[in-house]
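Letter by letter, the chains look like this.
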Amino acid sequence: MLLEIKGLTKRFPGVLALESVDFSAKAGEVHALVGANGAGKSTLMNLLSGVYRPTDGEIIIDGQAVQLSTPGIAVSCGVSTVYQEFSSIPQLTVAQNIFLGREPCGKSGILSHKRMYADARAILDKYHLELDEKALVENLTVANLQLVEIARALSVESRILILDEPTAVLSIPEQENLFRIIEQLKQQGMLILYVSHRMEEIFSISDRVTVLRDGKKIDTVQTADILPADIIRMMIGHDIEQSSGLSTADSGEPIFEVSFKDKRRGFTVVKGEILGVAGLVGAGRTRLARKLIGIEENNDMDILLHGEKVNPGSPQDAIQQGIVYLTENRKHDGLFANLSVLKNTTASALERFTSFGFLRQGNEKKAGTKILDRLHLVASSVDVPISTLSGGNQQKAIFGRALMCNPSVLICDEPTRGVDVGAKEEIYQLLVELAQQGVAIIFISSEMKELFAAAHRLLVLHEGDIVEDLPTSQLTEEKVLQAATGTLN
Amino acid sequence: MSDRMGGDVDGIQIKLWRWASSNAIWVVLALLFIVAALLSDAFLRPVYIFNVVRQAAPVGIAAIGVTLVMILGGVDLSVGAVISLTAVLTAVLMDGHVANIPLAVTVALATGAIIGGINGTLIAYNRVSPFILTLGMAVVVMGITQIYSGGTARGIVSPGFREFFNYRIGGIVPVLALTFLGLALVGVRLQQTTKFCRNLYLIGSNPLAAELSGLPVRKITITAYALSGLMGAMAGIALLARSGVSSTFAGRGLEFDVLAAVILGGTTFQGGRGGIGGTIAAVFVLLIAFNLVNIVGLDYNAQLIVKGAIIIIASSAYIYFKKVR
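Protein chains in written order, with the working numbering: chain C, 17 to 505; chain Z, 1332 to 1656.
It should be emphasised that the hints constitute simulated quantities derived from the structure, not laboratory data. For every residue, glycine included, the Cβ atom is placed at its ideal position computed from N, Cα and C. Among these hints, one or two may not hold up.
[Unchecked claim] Label-pair ranges, simulated between beta-carbon atoms: (1) Z:1347 x C:158: 42 to 50 Å; (2) C:298 x Z:1547: 27 to 35 Å; (3) C:106 x Z:1600: 17 to 25 Å; (4) Z:1583 x C:127: 45 to 53 Å; (5) C:348 x Z:1457: 16 to 24 Å; (6) C:142 x Z:1547: 54 to 62 Å; (7) Z:1347 x C:189: 48 to 56 Å; (8) Z:1467 x C:276: 29 to 37 Å; (9) C:465 x Z:1539: 26 to 34 Å; (10) Z:1347 x C:389: 25 to 33 Å.
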């Protein structure tokens, strides 16, 4: 066994994040680590990469017990990690980033650029990474940024590579490229620890799967011997119902109509409808949404809300008119991380609780708690900082914020990103309920499965244009993919 | 969740840490006060204590306003210059007559609020760095002060003005000290109860999320800076009331005392956290420390060293507390 873990425990003040986990993995294997948010995946990963020190237990690499007390030591023991959040420096070149902090020097201590670029090229060639070593990182796509991080991890003779949710930011062809690279590394005898909660990819690339729940290891199984439903059951501890496909919405009155001034195809959302929006990363889905709420300038669309022309100049405007946007990037422009769950929930609706400039905090708490209860938010109190909650619960609080605005149109951008399976189901349920109550819902997602499960109709975007608009029942995943990649005739 | 919590002992320790780290400045103030009382029994005499409060008034009042903009994630370096300008302005407009007091005070307050409003407008609409912008404004205001006053201490304070603010109610509490404490209490109360202050915390915590959530980010920004200017003007008037003499450099360097107090009090450059309570405690920590230095018999320059050292030690302690959490 290349990597063995015995009785690994990590206790944070007040929380047992990882409890006596035993685990082993061998060279030349892709080992998936799965678990709902808060299951202990990140803790385990951080213990292996030297970010945290274990409270108890041992880590054994190649038969030798190691103390991975700093990230530097972890790297020198052959453990490299590619995090979800990238740490490259945009102003530097690919090669400079690969050798960041370990720049090759001549005898006199002066940097040898020539050697650095040659070494970088050698690494890129060895692992077939299609990158220009001289390119500036700020000009790279997200997918290529990830390759830089991987190249950096590989440049230190790693034997264990930890990938944290590596496909979260990738489009489908980019994912396939990543899988190809992983396959290659595996052939070369590397151990890949693959942290993810996307079932499809776990099944397409992993050899074995270890499931964590509530800080404990549930089981390690051969991927070939198991079905996705089994894993999900192990992750959440009980069965989930497959959400039934939706019948088409009653062809009610149009609530939200968008047309382009230059005669490109527009769209309409009718009352009670969930309109899914598919497309590859970069197809312009988020940009469309942000133009609709006026955070980016809209000068090419006419928007009708309840038959009346609107053109929100700011999110504040949009919210007042009943158009609410739920961001795809919670951390960046969704959460007030250091503030309480309650303050996060009521942020958009403070006017309701204000008289003469003073907040009626009793009413605020009552209304906030009520809506969070409805969303089944789990927290010890609504007064704890929202950063202490799991991704799913954070997302619920942000949903609560949107609902408190009483939206006519709710635009959700990747509402299930970074959310565990159980909470995902609840979010789909919620969207259906809201639609039934007459809210027009625009549901942007990169997960085909959930679009098919939760949307009545699908728009497909390709390079900023709407290239398909059909009821879900008349579409297949294949057809959507073709439209999204511009290969549909 | 409950099954994953640690034992009770664990819980109490953590609660204690949390309490200590969020109220660290009060703990420091209490300790410092005990040390001061041991070194000199003056610190146990109400008259002396309220004199310290009176001394603290100008910096303290200005710090309340700067706390607001720093909660918002900004900073106001023009406050020292505003103090100087408004002090001179008030003295000149008073011109030695009691009848001129209302006009003088009104014009001074309006001037402070307008300067702050300009800061806020430029920051809200141009997204300039508040640091650079308010520094530039400080230089401009300093220039205006020099031109307006002709570079000399112009203006005569109205009779009774200084006497009123320094009158000791019951022979103990100066009106100026009471005014300062009153403003501080009102500030703390409003900070907890108004929508405006909630918006400050929200915007400071994450300006992008605030905009997406439909908060009136620009309006709040302008208002906060205008309030900071207004409080700066009050501080200028307080300074004039304390000393009774107009000087063109009265407020010079005070922005650093103000900034030190705000940061020491837990309202960091990060925005979205801290508050007026901590700032007030920090104002007293700094002042008691300087008084101690005086009592021990060191001179002004030694005070500077102590001032700097306190800021460095306090901010390191703050980081340490945060890590432990």
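Here is what the structure says about each hint:
no. : hint                       : verdict
1   : Z:1347 x C:158: 42 to 50 Å : 44 Å, holds
2   : C:298 x Z:1547: 27 to 35 Å : 32 Å, holds
3   : C:106 x Z:1600: 17 to 25 Å : 23 Å, holds
4   : Z:1583 x C:127: 45 to 53 Å : 46 Å, holds
5   : C:348 x Z:1457: 16 to 24 Å : 22 Å, holds
6   : C:142 x Z:1547: 54 to 62 Å : 55 Å, holds
7   : Z:1347 x C:189: 48 to 56 Å : 55 Å, holds
8   : Z:1467 x C:276: 29 to 37 Å : 44 Å, violated
9   : C:465 x Z:1539: 26 to 34 Å : 30 Å, holds
10  : Z:1347 x C:389: 25 to 33 Å : 31 Å, holds
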